[in-house]
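Going down the list, the protein sequences come from chains A and B. Sequential numbering of the first sequence, starting at 190, is according to this note's numbering. Sequential numbering of the second sequence, starting at 259, is according to this note's numbering.
Misleading hints may appear alongside valid ones.
[As the list claims (entries may be wrong)] The following label-pair restraints were derived from C-beta to C-beta distances: (1) V193(A) with Y291(B): 47 to 53 angstroms; (2) N228(A) with G402(B): 31 to 37 angstroms; (3) H384(A) with E299(B): 43 to 49 angstroms; (4) V334(B) with I263(A): 40 to 46 angstroms; (5) D221(A) with V334(B): 23 to 29 angstroms; (6) L341(B) with V193(A): 22 to 28 angstroms; (7) T278(B) with L301(A): 25 to 31 angstroms; (8) W270(B) with V260(A): 19 to 25 angstroms; (9) K261(A) with R286(B): 19 to 25 angstroms; (10) E296(B) with P269(A): 32 to 38 angstroms.
[What the hints assert, rightly or not] Derived DSS-like pairs (lysine-lysine); straight-line CA-CA distance at most 27 angstroms: (11) K408(B) with K374(A); (12) K249(A) with K289(B); (13) K374(A) with K258(A); (14) K217(A) with K258(A); (15) K249(A) with K261(A); (16) K258(A) with K289(B); (17) K261(A) with K374(A); (18) K309(A) with K258(A); (19) K261(A) with K217(A); (20) K302(A) with K408(B); (21) K302(A) with K374(A); (22) K309(A) with K289(B); (23) K309(A) with K374(A); (24) K302(A) with K258(A); (25) K261(A) with K302(A).
Hint data in this document are derived by calculation from the structure and do not stem from the laboratory. The beta-carbon is built from N, C-alpha and C at its ideal position, and this holds for glycine as well.
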Amino acid sequence: MVNVIWLTLLISGIIVAGMNGQIEVVTKAAMDSAQSGVNIAIEIIGLMALWLGLMRIAQKAGMVNFLSKVVKPITRFLFPTVPSEHPAMGAIIMNISANILGLGNAATPFGLKAMQELQKLNDDPEEASEAMCTFLAINTSCITLIPATIIGIRVAAGSADPTEIVGPTIFATAVGTVVAVSADKILRARYRARHRR
Amino acid sequence: MFLNIVSQVSRWAIPFLLLTIPLVGFFRGVKVYETFVEGAEEGFETAVRIIPFLVGMLVAIGVFRASGAMSIFVRVIDPIMSLIGAPGEVLPLAVMRPLSGGGALGIATELIGAHGPDSFIGKLASTMQGSTDTTFYVLTVYFGSVGIRKYRYAVTLGLIADISGLLASIFIINLLFGGS
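Construct the entire structure; sequences and hints are all you get.
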């Protein structure tokens with residue numbers, strides 16, 4: 190799917206430029222864009238380092254463990270099939286915390302660990318369990334307090350107020366999470382009803 | 259009132275974490291500076307890892323936009339998008355977001371660069387990018403890593419989550435910054 194979109198963008202761009210008789214803009218756009226990809230990545234290094242550094246302090250200070258105790262009532266509601274002392278729970282909480290702090294790349298290792306642990310509780314190793322679907326839904330919609338990467342890009346683009354979008358992002362992700370969790374409960378009930386027959 | 263709270267949260271969120279995390283760490287006996295540096299090392303690696311995605315996507319989008327193909331595309335879909343209060347320019351981002359994190363980041367970066375980070379489109383693209391996740395990436399990488407082949411209702415669920423996040427972004431940005 191990504192392949193098709195990527196190819197479509199390139200081909201339609203080249204065809205339109207060719208038909209307009211200005212094929213040279215393709216060359217210039219391609220070279221400039223490639224360079225700006227690298228520039229952007231270099232400009233966000235500082236911000237990534239800042240958040241990953243703070244995250245490490247939070248982890249060592251036991252703030253993550255503390256957080257997992259605080260959110261226990263919520264995790265019990267969301268993942269009724271996962272025992273609260275199970276290692277899957279710790280990994281899920283770390284993954285969600287990283288997502289809340291907008292650290293998508295820091296979240297991935299915890300997400301993979303959580304899936305491995307959830308798989309141990311799964312009856313059918315070929316089919317996604319209910320807890321896995323819930324985890325995916327929360328992961329996809331997750332409430333985000335600090336969208337770190339996008340703030341970095343806004344800084345790089347010279348924004349007068351790079352963090353202006355933090356409030357709107359919190360709102361949009363909160364709505365997304367509520368919808369996702371509700372949809373999860375509904376789909377789960379429907380799936381169960383259909384498979385009992 | 260609500261708008262004021264939202265903007266105050268925006269202003270205080272980062273200073274609050276910047277103060278709280280190191281302070282709590284210090285009182286818990288963590289070597290805050292050394293630990294910070296240890297974690298920060300990963301920042302470089304992560305930023306470098308996204309370069310190929312950024313270059314690939316920025317080139318394709320750069321060509322698409324500079325050639326004039328983008329403006330043809332936008333003219334076609336603009337009436338549909340304006341019905342829900344979103345300029346046609348952000349549609350490629352909405353389409354790409356669930357498919358590829360790097361790809362969506364490339365589109366968002368391009369939109370922010372081209373229209374300015376403080377423009378309506380720049381703010382909308384920022385919020386959309388921050389509000390949803392790469393459903394298909396998570397599906398394939400997470401589920402693939404443990405050998406899950408049957409996704410149950412996970413695909414539907416992921417897309418519902420994505421779409422509601424996108425619509426909520428369009429709604430809040432229109433409410434806060436629209437109509438000017």
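Going through the hints against the structure:
1. The beta-carbon spacing between V193(A) and Y291(B), approximately 48 angstroms, falls within the hinted interval of 47 to 53 angstroms.
2. Judged by the Cβ atoms, the range 31 to 37 angstroms given for N228(A) and G402(B) holds: they are separated by roughly 33 angstroms.
3. Taking the beta carbon of each, H384(A) and E299(B) are about 48 angstroms apart, inside 43 to 49 angstroms as hinted.
4. Checked against the hint of 40 to 46 angstroms, the C-beta distance between V334(B) and I263(A) comes to roughly 44 angstroms, which is consistent with it.
5. Here the CB-CB span from D221(A) to V334(B) is close to 26 angstroms, well matched to the stated 23 to 29 angstroms.
6. Roughly 26 angstroms separates the CB atoms of L341(B) and V193(A), a value that falls within the hinted 22 to 28 angstroms.
7. Look at T278(B) against L301(A): about 28 angstroms separates their beta carbons, and that is inside 25 to 31 angstroms.
8. Checked against the hint of 19 to 25 angstroms, the C-beta distance between W270(B) and V260(A) comes to roughly 22 angstroms, which is consistent with it.
9. A hinted range of 19 to 25 angstroms holds for the C-beta pair K261(A) and R286(B), which are about 21 angstroms apart.
10. Between E296(B) and P269(A), the C-beta spacing of about 37 angstroms keeps the proposed range 32 to 38 angstroms intact.
11. Proposed proximity of K408(B) and K374(A) is supported: the alpha carbons are some 19 angstroms apart, at most 27 angstroms.
12. At most 27 angstroms may separate the alpha-carbon atoms for a hinted pair to count; K249(A) and K289(B) meet this at roughly 9 angstroms.
13. For the proposed pair K374(A) and K258(A), the alpha carbon gap of about 24 angstroms is at most 27 angstroms, so the pair holds.
14. With a CA separation close to 55 angstroms, the supplied pair K217(A) and K258(A) exceeds the 27 angstroms bound.
15. Taking the CA atoms of K249(A) and K261(A), the gap is near 20 angstroms; set against the 27 angstroms cutoff, the hint holds.
16. Under the criterion of a C-alpha separation no larger than 27 angstroms, the hint pairing K258(A) with K289(B) is consistent with the structure, at around 24 angstroms.
17. Restraint check: the Cα-Cα separation between K261(A) and K374(A) comes to about 19 angstroms, which is no more than 27 angstroms; the hinted pair holds.
18. At most 27 angstroms may separate the alpha-carbon atoms for a hinted pair to count; K309(A) and K258(A) meet this at roughly 23 angstroms.
19. Annotation: proposed proximity of K261(A) to K217(A) is violated, straight-line Cα distance about 55 angstroms (limit 27 angstroms).
20. Between K302(A) and K408(B), the direct Cα distance comes to roughly 20 angstroms. Compliance with the 27 angstroms bound is thereby established for this hinted pair.
21. With a C-alpha separation of about 24 angstroms, the suggested pair K302(A) and K374(A) falls inside the 27 angstroms cut-off, and the hint holds.
22. Under the criterion of a C-alpha separation no larger than 27 angstroms, the hint pairing K309(A) with K289(B) is inconsistent with the structure, at around 36 angstroms.
23. Using a Cα cut-off of 27 angstroms, the hinted pair K309(A) and K374(A) holds, with the two alpha carbons roughly 22 angstroms apart.
24. Under the criterion of a C-alpha separation no larger than 27 angstroms, the hint pairing K302(A) with K258(A) is consistent with the structure, at around 19 angstroms.
25. With a C-alpha separation of about 19 angstroms, the suggested pairing of K261(A) with K302(A) holds against the 27 angstroms cut-off.
In summary, the structure is inconsistent with hints 14, 19 and 22 from the numbered list given earlier, while agreeing with the others.
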